[in-house]
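K.L.:
So you can see what is in the structure, the chains are spelled out below.
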Amino acid sequence: MGALPPLPSRREVLDREHAAGRRVAAVLPYHYPRPLLRACGFHPIELWGPPGVPRDEGGRHFQAYTCDIVVRATSFLLRGGLDGVDAILVPHTCDALQGLASVLGDFVRPAPPVLTLYLPRGRRPADRDFLAAELRRLGAALSGLSGITPDGGAWEKAFTAEGTADTALAGLYARRPRLAAGDREFYAVVRAREYLPAEEFAALATALPEGEPPAGVGLMLSGIVAEPPELFDHLAAVGARVVADDLASGARRLYPAGEEGDPFARLAAGLLGGPPDPTRGDPIAARASHLRQQMEAAGARGLVVYDPKFCEPELFDVPLVRKHLAAAGFPVLHVEVELTGGLSQQTLTRLEAFVETLR
Amino acid sequence: MSRLGHLVGYRLVGRPGLRLQRQREERRLEKDSAGPGRPLAPPLRSIARMREMMSRHYLEGRHVQGVRPVAWVTSGAPTEILTSLGFFVVYPENHAALCGARRRAQRLCEAAEDAGYSRDICSYARTDIGSLLSGDTPVGRLPRPDLLLCCTNICQTVLYWYRVLADHFGCPLVLVDTPFQYGEEPLPHEVAYVRRQLEAIVPAAERAARRSFSERRFALVVARAKEASETWLQILERARHRPSPLTAFDSFTHLGPIVDLRGEEATTAYYREMLAEVDRRIAAGVGAVRHERHRVLWDNLPIWYRIGPLSQWLAARGVNVVASTYANAWGELAPLMDPADPFESMARVYLHPILNRSAGQKLEAMRRMVRDYSADGVILHSDRSCKPYSLGQIDQRDGLVNQVGVPALLLDADHNDPRAFAEEQAAGRLEAFVEMMDG
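So the protein sequences, as listed, match chains A and B.
Mapping the first sequence onto our numbering, position 23 (from 1) lands on 27, and the numbers just tick up by one.
Mapping the second sequence onto our numbering, position 124 (from 1) lands on 334, and the numbers just tick up by one.
This is chain A alone, in the form it adopts within the complex (with noise of 0.2 angstroms):
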């Protein structure tokens, strides 16, 4: 990690937010407008779980067969882990985030007011609108709380502030055959724009230097989140490296700037805007296609598809992601965590045999 200047916590930022009077909201995965947030007053910190917590208290709300990153974010949660944030924002990505917001608003009502946002399964010009009043109707809740109803200019600084931490993430996709760190710096940065004010992430990201990249059989990663950081070491300790992912806490979410004149209007262009997901309905062989381009573009022999157990928009694309890419000459492992912090003596024998017959 020789390159990277040491790194805040989340709550080394939710504090000093805090301090310089900002509001903080906590926001589950994945898709959110970050721009409405801050032109609302609130800064977001994302919470994938967190790894390692246990899941005792979450199992109280929830079934065994729930979603990792549900049950102990509920965990954390009750476990005062959000002490201090003034607002929890659910994205539907999926079911089983679906049902951590009824259970929250309806149950567990923690003191934090829990926000929704429903994201439409389609890219039509009826998603594009639907999902354009559905982000007029969350900031009118998060001004609401707020007491901040942006104005022109206040919308302009928003979108200009997350447009360049946008830029820089994209620029660091688009540098990282030149960057001299490891996949585990390289995804500490990705990961820091996940709580890192906008302005410190570009900072962060356009400072990576370029050298010589660590040497290693390509692999793409795909799934949802590539927990824990370890992971990246034991990859480079079989010697593999990621040339690209397709995770939901990585390359999914390089959207592109929108364009029209109405904020929300232009909020809903950008986040309908991102590559092919399972969570949007986006058709399996467009998303195979899109994982083909970029694993050919970027030299990666194989694709390893990193998911918490009981996911199910990944499971159901598996077999026919693996079918079109064995077409395409690429060979694909399936592997599911728990978020307990740690990696199984399974999936690490996984991954090295993987890895040994892309040799």
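Hints listed in this document are in silico derivations from the structure and should not be mistaken for laboratory results.
Values in this document were obtained by computation on a predicted structure and should not be read as measured data.
Treat the hints loosely; a few may be bogus.
Said to hold, decoys possible - Among the chain A residues that face chain B by a calculated CB cut under 7 angstroms, a handful are: (1) GLN67; (2) TYR69; (3) SER106; (4) PRO124; (5) ALA158; (6) TRP159; (7) ARG270; (8) GLU316.
Beta carbons are placed, not taken as given, at the ideal position from N, Cα and C, and that holds for glycine.
Fit chain B to the known structure of chain A by using the hints.
P.N.:
Same frame as chain A, but now just chain B:
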């Protein structure tokens, strides 16, 4: 050849054969007096007609290719548009349930798992994908779809599943996306969104059917669907009578036509007949469970492969499962349907199923049903395969126990995969539940 097959195999030979079969079954049911030792009353005679209707439907499916346009749809989909255009409609969920009830689901699930589909995905989807890949089905053959219609008002799972079907068949997939209802009433932008998508079905369906949409015909189908749904609701509400003339297990069995054939004249007629039969039972003082001691509400999908044994087991202990949130779902929305304003009213109807509403609203629905059906307890089927129905049940159970004051049991199972059902453990938990109601 396909028209000839339809004419001979379905119209001239198949339908009369099924009619004879139904008449034989009706005679047999008339003689079935169910001796005093049996805990359940004889089945409703209407079951013979229901079987005839469903068998006729699947029989036509074997011969329909090239004769009528074919659509595969989700159980919450707005089929009235398709029905008005003459589509033959296939419900993969209903087909999967049929496989489950006939104990064929496990091997079909395993066929899907062999092809890489995880055991953690919905067992309806696995059953149908397994059937698709293996060609194994109890109905002979399902026709290939010309169109897929997927509505997300029951879960997002159906969209993942229909994307797989679209990839397999290479036919158009039309989506009706229905924003989840965290609040009590849909918001104007949500209704407008769904309405716009409903209207967009029309040109896609016209292309697949190669015929023009008729608003008059559409309004007629909506009116029939409304009447059938209203009659279905009246049938279910007859279970408020004590003793109840039917069980929720009866309603699971008789659900087929309202799901698959809603909007057809024969369906409306069938439910009118069934209602009359249920009323005759009430007049004669016949209860579906011989010695009804406890009345119970069922939440979530049925356990299709255990309907008979579970129904017998509970009846033997004087327990009548009088109502279910599941069967109710096809009746409770009938009042919202308006043939005079079909698109707008359908937008509201299709946004509103219980599965598209929050866990708190579902608890409220259960609270009302406990009151209306005088239920002494609630069985919440914690269905491994149906996450949107099941997530929230732990808090709902606590609410039923602590706020409503009735015993409530979380029963772990799966609607179609018997490998997720532990018979002995379930029996033990059900015994304890019945004891609690005994007080």
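K.L.:
Each of the hints needs a verdict: does it hold here or not?
P.N.:
Taking the hints in turn, this is what the structure says about them:
1. GLN67: holds, 6 angstroms
2. TYR69: It holds, given that the least Cβ distance between A:TYR69 and chain B is near 5 angstroms, below 7 angstroms.
3. SER106: Given a least distance of 4 angstroms, the restraint on A:SER106 holds.
4. PRO124: Check passed: Cβ of A:PRO124 comes within 5 angstroms of chain B, closer than 7 angstroms.
5. ALA158: violated, 24 angstroms
6. TRP159: violated, 20 angstroms
7. ARG270: violated, 17 angstroms
8. GLU316: Because about 6 angstroms separates A:GLU316 from the closest Cβ in chain B, which is inside the 7 angstroms limit, the hint holds.
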